[in-house]
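Using the numbering used here, the first residue of the sequence shown is number 69, and each one after it goes up by one.
The set of hints was computed from the structure by calculation and includes no laboratory data. Among these hints, one or two may not hold up.
[Claimed, not checked] Cβ pair distances, simulated, as ranges:
id: 1; residue 1: Asn148; residue 2: Lys123; range: 19 to 25 Å
id: 2; residue 1: Asp105; residue 2: Gly132; range: 47 to 53 Å
id: 3; residue 1: Val116; residue 2: Leu146; range: 41 to 47 Å
id: 4; residue 1: Glu166; residue 2: Gln210; range: 49 to 55 Å
id: 5; residue 1: Ala124; residue 2: Asp81; range: 22 to 28 Å
id: 6; residue 1: Val153; residue 2: Ile183; range: 34 to 40 Å
For each residue, glycine too, the CB sits at the ideal point set by N, CA and C.
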Amino acid sequence: MENLNQIIVTVNDLSDLFDVDIRTVQRYVVEGMPRLDHGKYNLYECIVWQYKKLKAIIEELESGDAKLSILKKEEQKLKNEMRRVSLSKMQNKVVDLELIRMAWLRQLNIFSSNIDAMAPRINNKLNGDREQFAKIKEETDQTRDMIAEQTKLDFDNKELNELDQPIKEEEDEQ
């Protein structure tokens, strides 16, 4: 070993040994390959450095394969779940959250329109009592706002899985 440790080589020798360009050897120096002097290298130290570098690359690639395998499995799980949800939608076992939201908003608009349509009739029954009408209108507006806010909170707190729950319970009963 001491004999090998005493061999001094040039950048050209290392370039030939590692089968790389001279500039690559110079880049290796920047990456941490040991150098004795400008253009002079200890052969043994350079070979050990290159071995460690290649070993680290191999380990990274092997762990990358493991990571890639895990990612592929996760991707497959997601695809399977998407297929399951799609199939459930086709079988009418799951309802799209956005469709429910649109139906609720449509019902809310109908309810609001009905309340607004009742206002003139209520005014007539009150025989034009403006104060009483204003009070009823204010209560009606508060009710409409409260229903709209509750609907918004309900949708913000719900997730698709929660909407699936009654359907799954019905399936379990069968």
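Each hint, compared with the structure:
1. Asn148 to Lys123: 19 to 25 Å: violated (38 Å)
2. Asp105 to Gly132: 47 to 53 Å: With Cβ atoms ~37 Å apart, the hint is violated.
3. Val116 to Leu146: 41 to 47 Å: holds (45 Å)
4. Glu166 to Gln210: 49 to 55 Å: violated (28 Å)
5. Ala124 to Asp81: 22 to 28 Å: holds (24 Å)
6. Val153 to Ile183: 34 to 40 Å: Because 37 Å falls inside the window, the suggested range holds.
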